[in-house]
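The primary structure of each chain is shown beneath.
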Amino acid sequence: GIQVEQSPPDLILQEGANSTLRCNFSDSVNNLQWFHQNPWGQLINLFYIPSGTKQNGRLSATTVATERYSLLYISSSQTTDSGVYFCAVNTYSNSGYALNFGKGTSLLVTP
Amino acid sequence: SQTIHQWPATLVQPVGSPLSLECTVEGTSNPNLYWYRQAAGRGLQLLFYSVGIGQISSEVPQNLSASRPQDRQFILSSKKLLLSDSGFYLCAWSHAGGSPFFGPGTRLTVL
Numbered sequence: 001g002i003q004v005e006q007s008p009p010d011l012i013l014q015e016g017a018n019s020t021l022r023c024n025f026s027d028s029v030n031n032l033q034w035f036h037q038n039p040w041g042q043l044i045n046l047f048y049i050p051s052g053t054k055q056n057g058r059l060s061a062t063t064v065a066t067e068r069y070s071l072l073y074i075s076s077s078q079t080t081d082s083g084v085y086f087c088a089v090n091t092y093s094n095s096g097y098a099l100n101f102g103k104g105t106s107l108l109v110t111p
Numbered sequence: 001s002q003t004i005h006q007w008p009a010t011l012v013q014p015v016g017s018p019l020s021l022e023c024t025v026e027g028t029s030n031p032n033l034y035w036y037r038q039a040a041g042r043g044l045q046l047l048f049y050s051v052g053i054g055q056i057s058s059e060v061p062q063n064l065s066a067s068r069p070q071d072r073q074f075i076l077s078s079k080k081l082l083l084s085d086s087g088f089y090l091c092a093w094s095h096a097g098g099s100p101f102f103g104p105g106t107r108l109t110v111l
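Protein chains in written order, with the numbering used here: chain Z, 1 to 111; chain L, 1 to 111.
One chain only, chain Z, in its complex shape (with noise of 0.2 angstroms):
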């Protein structure tokens, strides 16, 4: 099956400062998304992101589809930003569709 990449696995980072979040997978996709879970385990629709670039407030993605990868940027970090994020790509089984997630990229934004 398709493999899900992400990068780092964990990340820590002081109020106020960007990163870059990457997810790598290893076949053609038919659609990539981007999510996030909070502390309590709620996951979060951030991205729905096949191709191109899509901006949400401080929250930025690309995905370059031919190479194979996607970025999550976020800008100017806050605590409220701590939690896991997904990166995850669907393909179309026999009669449904499927979404095969990355291991995360666990981020503790401290003040």
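Keep in mind that the hints are not guaranteed to be accurate.
[As the list claims (entries may be wrong)] Derived SDA-like pairs: lysine to any residue, alpha-carbon spacing no greater than 25 angstroms straight-line:
#1 K54/Z with K103/Z
#2 K79/L with S65/L
#3 K103/Z with A9/L
#4 K103/Z with L82/L
#5 K103/Z with N18/Z
#6 K103/Z with S99/L
#7 K103/Z with S1/L
#8 K103/Z with R107/L
#9 K103/Z with N31/Z
#10 K103/Z with I44/Z
#11 K103/Z with V60/L
#12 K79/L with T28/L
#13 K54/Z with S58/L
#14 K103/Z with G41/L
#15 K103/Z with I12/Z
#16 K103/Z with S57/L
#17 K54/Z with S76/Z
#18 K103/Z with N30/L
#19 K103/Z with K79/L
#20 K80/L with W7/L
#21 K103/Z with F101/L
#22 K54/Z with S19/Z
#23 K54/Z with L13/Z
#24 K103/Z with S84/L
#25 K103/Z with G1/Z
#26 K80/L with R68/L
#27 K103/Z with F88/L
#28 K103/Z with S26/Z
#29 K80/L with G98/L
#30 K54/Z with V29/Z
#31 K103/Z with K80/L
#32 K103/Z with S86/L
#33 K54/Z with S99/L
#34 K80/L with S67/L
#35 K103/Z with T109/L
#36 K103/Z with P104/L
#37 K103/Z with L47/L
#38 K103/Z with S58/L
#39 K103/Z with D81/Z
#40 K54/Z with D27/Z
Don't read these hints as lab results, they were simulated from the structure.
Take the given structure of chain Z and dock chain L to it, following the hints.
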């Protein structure tokens, strides 16, 4: 708007006991439904998905099973729990080909 519910929120069960986790979706019809498990260490693993009532696809062989008795109800079951079944179970829904939206999860501890 659509909402997704899971219960219970937490569960502690002895080894060998049965399991039933429930997920319901409101505000949409004929959704795709998914069960994911997140073991300690972050990665999410797709267990089952369903594109319609009574239609279940299993991604990983295990002692768990899933059922979809109604359009917006998805149930995860086991006849006899193992220690390795401990984890965080997430239900999700999506439109066909669309982004999944995750429920709040059930934290299961098998002792």
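Quick rundown of the hints versus the structure:
1. K54/Z with K103/Z: With Cα atoms ~23 angstroms apart, K54/Z and K103/Z stay inside 25 angstroms; holds.
2. K79/L with S65/L: holds (9 angstroms)
3. K103/Z with A9/L: holds (23 angstroms)
4. K103/Z with L82/L: holds (23 angstroms)
5. K103/Z with N18/Z: At roughly 21 angstroms apart (the allowed maximum being 25 angstroms), N18/Z and K103/Z satisfy the hint.
6. K103/Z with S99/L: holds (19 angstroms)
7. K103/Z with S1/L: Violated, at about 30 angstroms.
8. K103/Z with R107/L: holds (19 angstroms)
9. K103/Z with N31/Z: holds (18 angstroms)
10. K103/Z with I44/Z: The hint holds at about 16 angstroms.
11. K103/Z with V60/L: holds (17 angstroms)
12. K79/L with T28/L: violated (31 angstroms)
13. K54/Z with S58/L: The given pair, whose Cα atoms are some 34 angstroms apart, is violated under the 25 angstroms limit.
14. K103/Z with G41/L: holds (8 angstroms)
15. K103/Z with I12/Z: This hinted pair holds, its Cα atoms lying about 17 angstroms apart.
16. K103/Z with S57/L: Holds. K103/Z to S57/L sits at ~23 angstroms (cutoff 25 angstroms).
17. K54/Z with S76/Z: Holds: K54/Z and S76/Z sit about 17 angstroms apart, inside 25 angstroms.
18. K103/Z with N30/L: violated (30 angstroms)
19. K103/Z with K79/L: violated (29 angstroms)
20. K80/L with W7/L: Roughly 19 angstroms between the alpha carbons, so the hint for K80/L and W7/L holds.
21. K103/Z with F101/L: holds (19 angstroms)
22. K54/Z with S19/Z: Since the Cα atoms of K54/Z and S19/Z sit roughly 16 angstroms apart, the hinted pair holds (cutoff 25 angstroms).
23. K54/Z with L13/Z: It holds: about 23 angstroms lies between the C-alpha atoms, which stays within 25 angstroms.
24. K103/Z with S84/L: Since the Cα atoms of K103/Z and S84/L sit roughly 19 angstroms apart, the hinted pair holds (cutoff 25 angstroms).
25. K103/Z with G1/Z: The hint holds at about 15 angstroms.
26. K80/L with R68/L: holds (20 angstroms)
27. K103/Z with F88/L: Measuring from Cα to Cα gives roughly 15 angstroms; hence the hint holds.
28. K103/Z with S26/Z: Between K103/Z and S26/Z the Cα gap is close to 14 angstroms, so the pair holds against 25 angstroms.
29. K80/L with G98/L: violated (34 angstroms)
30. K54/Z with V29/Z: Given that 25 angstroms is the threshold and the Cα spacing comes to 18 angstroms, the pair holds.
31. K103/Z with K80/L: violated (28 angstroms)
32. K103/Z with S86/L: holds (18 angstroms)
33. K54/Z with S99/L: holds (16 angstroms)
34. K80/L with S67/L: Given that 25 angstroms is the threshold and the Cα spacing comes to 16 angstroms, the pair holds.
35. K103/Z with T109/L: holds (21 angstroms)
36. K103/Z with P104/L: holds (19 angstroms)
37. K103/Z with L47/L: Cα-Cα ~16 angstroms, so holds.
38. K103/Z with S58/L: holds (21 angstroms)
39. K103/Z with D81/Z: holds (18 angstroms)
40. K54/Z with D27/Z: holds (22 angstroms)
Of the hints listed earlier, those the structure fails to meet are numbers 7, 12, 13, 18, 19, 29, 31, in rising order.
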